[in-house]
Structures are given as C-alpha cells and as structure tokens.
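*Asks:* Chain by chain, the residues:
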Amino acid sequence: MKDHVMGAPARAINWNRLQDEKDLEVWNRLTVNFWLPEKVPLSNDVQSWATLRPEERELTIRVFTGLTLLDTIQNTVGAPVLMKDAVTPHEEAVLSNIAFMEAVHARSYSSIFSTLCSTREVDEAFRWSEENQHLQQKARLILDEYEVGSDPLKRKIASVFLESFLFYSGFYLPMHWSSRAKLTNTADLIRLIIRDEAVHGYYIGYKFQRAMEKLDEAKRNEMKDFAFALMFDLYEIEAHYAEELYDGIGLTEEVKAFLHYNANKALQNLGFEALFPPAACEVNPAILSALSTDSENHDFFSGSGSSYVIGKAVATEDEDWDF
Amino acid sequence: MSGLVFFSSGSGNTARFVASLGLPGQRIPIRQDDPMPSPDAPYVLICPTYADGTGAGAVPKQVIRFLNDPARRALIRGVIGAGNRNFGPTFGLAARIIADKCKIPVLDRFELAGTETDTARIRDGLEQFWGMPCLTP
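Residue numbers (our numbering), protein chains in the order written: chain S, 1 to 323; chain V, 324 to 460.
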C-alpha cells in the first residue's frame with residue numbers, strides 16, 4: 001500500500017502484474033521452504049544432550065538465546081521497517097513472509113529449550129542475554145539503523161549484516177556439534193534456519209543493489225563507506241563476543257575464520273567485494289560439510305537421525321527440457 | 324582456450340565472478356525477449372542455482388531455453404556451479420542437473436560471486452581443461 005496520500009485509491013496487490021520478477025521468485029522459494037519446529041524430532045537429541053559437559057550445555061543455551069534475540073529483532077523491527085521502504089507491493093508481501101519466518105525461528109529455539117533443558121537453565125541464559133554487553137551492543141547498532149528517520153539503504157545494509165553475518169557466531173556451535181555427531185536433530189533445525197536466512201540476505205541485498213543503481217556515484221560511494229564502516233564496528237563486537245563464548249572450549253580462532261568467511265558473503269549480497277583475505281577465511285572443512293550435508297548426492301539431511309523429510313528432489317522440470 | 328557462457332540474475336553475483344576471471348564470456352539474457360548468445364566454439368557454462376528446498380526450479384528457465392537448442396547444446400563441454408553452501412543439499416544443484424542432462428562433467432563450484440581463491444583455481448582449471456586433447460575440434 002504505497003499511496004497513503006489523500007485521494008489516492010487503496011490498491012489491492014496483483015501478483016499477475018509484476019514490476020520485479022525477483023519478488024515472485026523469492027516468494028515461491030520462501031513459501032515452498034516453509035517449516036515449523038514441530039516437524040523436527042528434537043527429542044531424539046535428549047541422550048546426546050546428556051553427553052555434553054555442563055559448561056558445553058551452558059554455552060549452547062547462551063548461543064541460542066543470542067540467536068533468539070537477533071530473530072526477535074528481525075521479526076518485530078527489521079522486516080517491518082523494510083516493508084515501509086518497499087518499492088513494489090510484492091516486496092512488501094515477501095517481507096511479511098520474512099517477518100513471520102523470523103518469528104518461527106525465534107520460536108524454534110524455545111522448542112529446543114523445552115525439549116532439552118531445565119527451566120532454570122533457560123531462565124538464566126535469557127537473563128545472561130539481557131546483560132551481555134557484546135550481544136546488547138550489536139543489537140543496539142542494528143536497532144539504531146532501523147530507527148525512524150534513518151536512511152532506507154542503510155536499513156537494508158544493517159538488515160543484510162544481521163541476516164548474513166551476525167547469526168554466524170551462533171550458528172557455528174550447532175554445526176560444530178553436528179560435525180561430531182552430537183545434537184544432530186537440533187542441527188537439522190538450525191540448517192532450516194540457515195537456509196531461510198540465506199534467502200533473506202540475498203533478497204534484501206538484491207533490493208539494496210537495485211536502489212543503489214538509482215543513486216549518483218558520490219552517494220553510492222558514501223553508502224559503500226557506510227557499509228564497510230558498519231561491518232568493521234560489528235566485526236569488532238563479534239570478535240569479543242566470540243572470545244567470551246568460545247575461549248573456554250578453545251574454538252575462538254575457528255569461529256573467527258567462520259566470521260570472516262560470512263562477513264565476505266554478506267558484503268557480496270550487497271554487491272560489494274570481499275573484505276577479509278582468503279587466508280583469514282579458511283573455515284574448518286568439517287564445518288563446511290556440516291553446512292552442506294550431502295550436497296554431492298542429493299541425499300537430503302541423511303545420517304542425522306532426523307525423520308523430517310524435506311521433500312524429495314524434483315531435480316528437473318522435464319516439460320521444460322526438449323531433450 | 325575456448326569460451327565461457329554464463330547466466331547471472333539481477334543479483335549480479337555470477338557476472339561479477341566472470342568479470343574477476345578476466346576471460347571473455349557470453350551472457351544468457353535475463354529477459355526472455357532478449358537475444359540468446361550463439362557460441363560458435365566449445366564452451367563451459369557457468370550457472371547459478373535457484374532451487375527451493377525441494378530442489379525444484381534449480382536451473383534458470385533461460386538456461387534451459389539456451390540448452391534446448393541442439394546446436395548450442397552440442398558445444399557445451401563442462402559446467403561450473405554457483406550458489407550458496409547455506410542451501411545445503413541444493414548447493415550448486417543446477418550444475419549437477421545440467422551435467423546429467425548434457426553428459427558433461429561438473430568442473431567446479433563456488434559461492435555467490437566467488438573468492439580470490441575460487442577465481443585463481445577456476446582460471447587455472449579452465450586453462451588445463453581446454454589444454455586437454457579431444458575437447459576441441
């Protein structure tokens with residue numbers, strides 16, 4: 001509903017008249033990918049959870065409350081403010097899907113908690129998330145850009161950094177457990193979240209690039225400087241956050257390589273070049289294969305003990321191929 | 324050394340990767356009405372994946388249209404996949420589908436617009452590939 005001016009008619013969305021084909025493409029991807037946490041048999045991880053040491057359990061719960069906070073922000077603030085900036089009615093509809101899926105993601109962590117953890121442990125971790133200065137600082141930096149009156153393009157930059165960069169200090173841990181055959185069902189659920197966030201970052205980055213094309217060169221350079229400066233600020237916080245969380249289990253350096261790798265991907269979603277050199281982005285291969293399990297043989301999420309069937313590969317649409 | 328053909332949507336990732344290779348490449352147009360390239364020598368196709376979680380829709384329609392022409396298809400020698408590892412099992416799926424359909428190898432894959440490492444590896448790989456006997460007429 002772009003026209004709120006007096007006298008302009010209220011407009012119904014017509015999906016048969018597209019201004020941007022990408023809106024329908026992404027809408028279709030997101031709606032087919034829809035899922036709910038109830039579909040993942042998290043209770044199969046109860047035994048595995050019991051094999052984690054107390055400090056590993058505490059770390060896991062804390063990491064998940066941190067992720068819940070980011071999803072909550074994107075659900076209640078991020079996606080709704082981006083809707084106001086939408087240039088097509090279909091973009092608004094896609095963003096409403098994004099907003100809702102962020103609510104599903106935030107809700108999923110509570111499903112993990114209620115399956116695996118005691119109420120006391122969980123309450124303690126939520127309290128921790130409110131008091132942790134690094135977590136609060138990164139939330140603040142993003143929320144500042146979402147404030148009314150800030151630049152619509154800067155909001156998109158902040159949003160892509162949240163979707164494609166800030167989550168990864170947290171996503172690292174379930175991928176690490178999964179690579180050691182622990183919490184494999186929880187990892188299946190996290191992979192569904194990762195898949196969604198990848199589409200969100202891609203789409204918002206795409207809309208950012210379209211908006212950049214309308215700016216003159218000076219303004220484009222200003223936006224790019226802003227993006228790199230915000231990335232530096234967020235990275236600084238993320239590095240401290242990672243140290244605080246992962247020093248205890250000796251994984252900080254590995255996590256940082258993963259942060260560099262994802263920071264570069266976030267920048268690429270915005271159409272920019274990488275910031276961190278290849279040598280700083282050498283992610284542990286076990287983590288990379290935990291991310292893209294079985295991408296060689298189309299065998300979806302196998303070996304995980306999960307009974308959640310994502311759907312069988314409909315690899316080709318044969319009616320389109322002439323041979 | 325023979326040619327490259329590629330598809331890149333509005334995100335521009337694959338186009339940026341091809342630019343980083345510094346090799347000439349013919350782009351399959353995004354819009355159906357724009358003219359298709361007609362390569363006159365063997366080529367490697369670079370193709371991103373657009374699958375949903377079920378794997379459907381992986382190969383862009385325009386790439387299917389391009390390959391549906393027997394003359395163009397006869398010259399394809401290999402395919403390189405672009406995508407995002409975060410899509411798990413469907414990472415680079417389009418390249419695997421095209422390889423199966425056209426009976427050619429998947430030569431490599433990379434994420435988004437690729438890294439410096441990807442660019443160097445794939446540039447070297449292409450040079451070696453085209454140097455192999457029996458691939459060019």
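Mixed in with the good hints, there may be bad ones.
Stated by the list, open to error - Distance windows between CB atoms, simulated:
{"id": "1", "chain 1": "S", "residue 1": "85", "chain 2": "V", "residue 2": "365", "range": "24 to 30 Å"}
{"id": "2", "chain 1": "S", "residue 1": "180", "chain 2": "V", "residue 2": "397", "range": "21 to 27 Å"}
{"id": "3", "chain 1": "S", "residue 1": "126", "chain 2": "V", "residue 2": "391", "range": "51 to 57 Å"}
{"id": "4", "chain 1": "S", "residue 1": "278", "chain 2": "V", "residue 2": "347", "range": "23 to 29 Å"}
{"id": "5", "chain 1": "S", "residue 1": "229", "chain 2": "V", "residue 2": "365", "range": "45 to 51 Å"}
{"id": "6", "chain 1": "S", "residue 1": "288", "chain 2": "V", "residue 2": "364", "range": "17 to 23 Å"}
{"id": "7", "chain 1": "V", "residue 1": "352", "chain 2": "S", "residue 2": "232", "range": "17 to 23 Å"}
{"id": "8", "chain 1": "S", "residue 1": "24", "chain 2": "V", "residue 2": "396", "range": "24 to 30 Å"}
Stated by the list, open to error - Which residues of chain V face chain S? A partial, calculated answer using Cβ under 7 Å:
{"id": "9", "residue": "359"}
{"id": "10", "residue": "360"}
{"id": "11", "residue": "363"}
{"id": "12", "residue": "391"}
{"id": "13", "residue": "395"}
{"id": "14", "residue": "409"}
{"id": "15", "residue": "439"}
Hints were generated in silico from the structure; no laboratory data involved. Glycine included, C-beta positions come from ideal geometry on N, C-alpha and C.
*Asks:* Confirm or reject each hint.
*Replies:* Consistency of the hints with the structure:
1. S:85 with V:365: 24 to 30 Å: Since residue 85 (chain S) and residue 365 (chain V) have Cβ atoms about 46 Å apart, the given range 24 to 30 Å is violated.
2. S:180 with V:397: 21 to 27 Å: Violated, at about 48 Å.
3. S:126 with V:391: 51 to 57 Å: holds (56 Å)
4. S:278 with V:347: 23 to 29 Å: Because 25 Å falls inside the window, the suggested range holds.
5. S:229 with V:365: 45 to 51 Å: holds (46 Å)
6. S:288 with V:364: 17 to 23 Å: For residue 364 (chain V) against residue 288 (chain S), whose Cβ atoms are near 35 Å apart, the range 17 to 23 Å is violated.
7. V:352 with S:232: 17 to 23 Å: Once the Cβ atoms are compared, 38 Å apart, the range 17 to 23 Å for residue 232 (chain S) and residue 352 (chain V) is violated.
8. S:24 with V:396: 24 to 30 Å: Holds, at about 28 Å.
9. 359: Since chain S brings no Cβ nearer than about 14 Å to residue 359 (chain V), farther than 7 Å, the hint is violated.
10. 360: At about 18 Å, which exceeds the 7 Å cut-off, the nearest Cβ of chain S leaves the hint on residue 360 (chain V) violated.
11. 363: violated (20 Å)
12. 391: holds (4 Å)
13. 395: With a minimum Cβ separation of about 11 Å from chain S (threshold 7 Å), the hint on residue 395 (chain V) is violated.
14. 409: Status holds, d = 4 Å.
15. 439: At 5 Å from the nearest chain S Cβ, residue 439 (chain V) passes the 7 Å test, so the hint holds.
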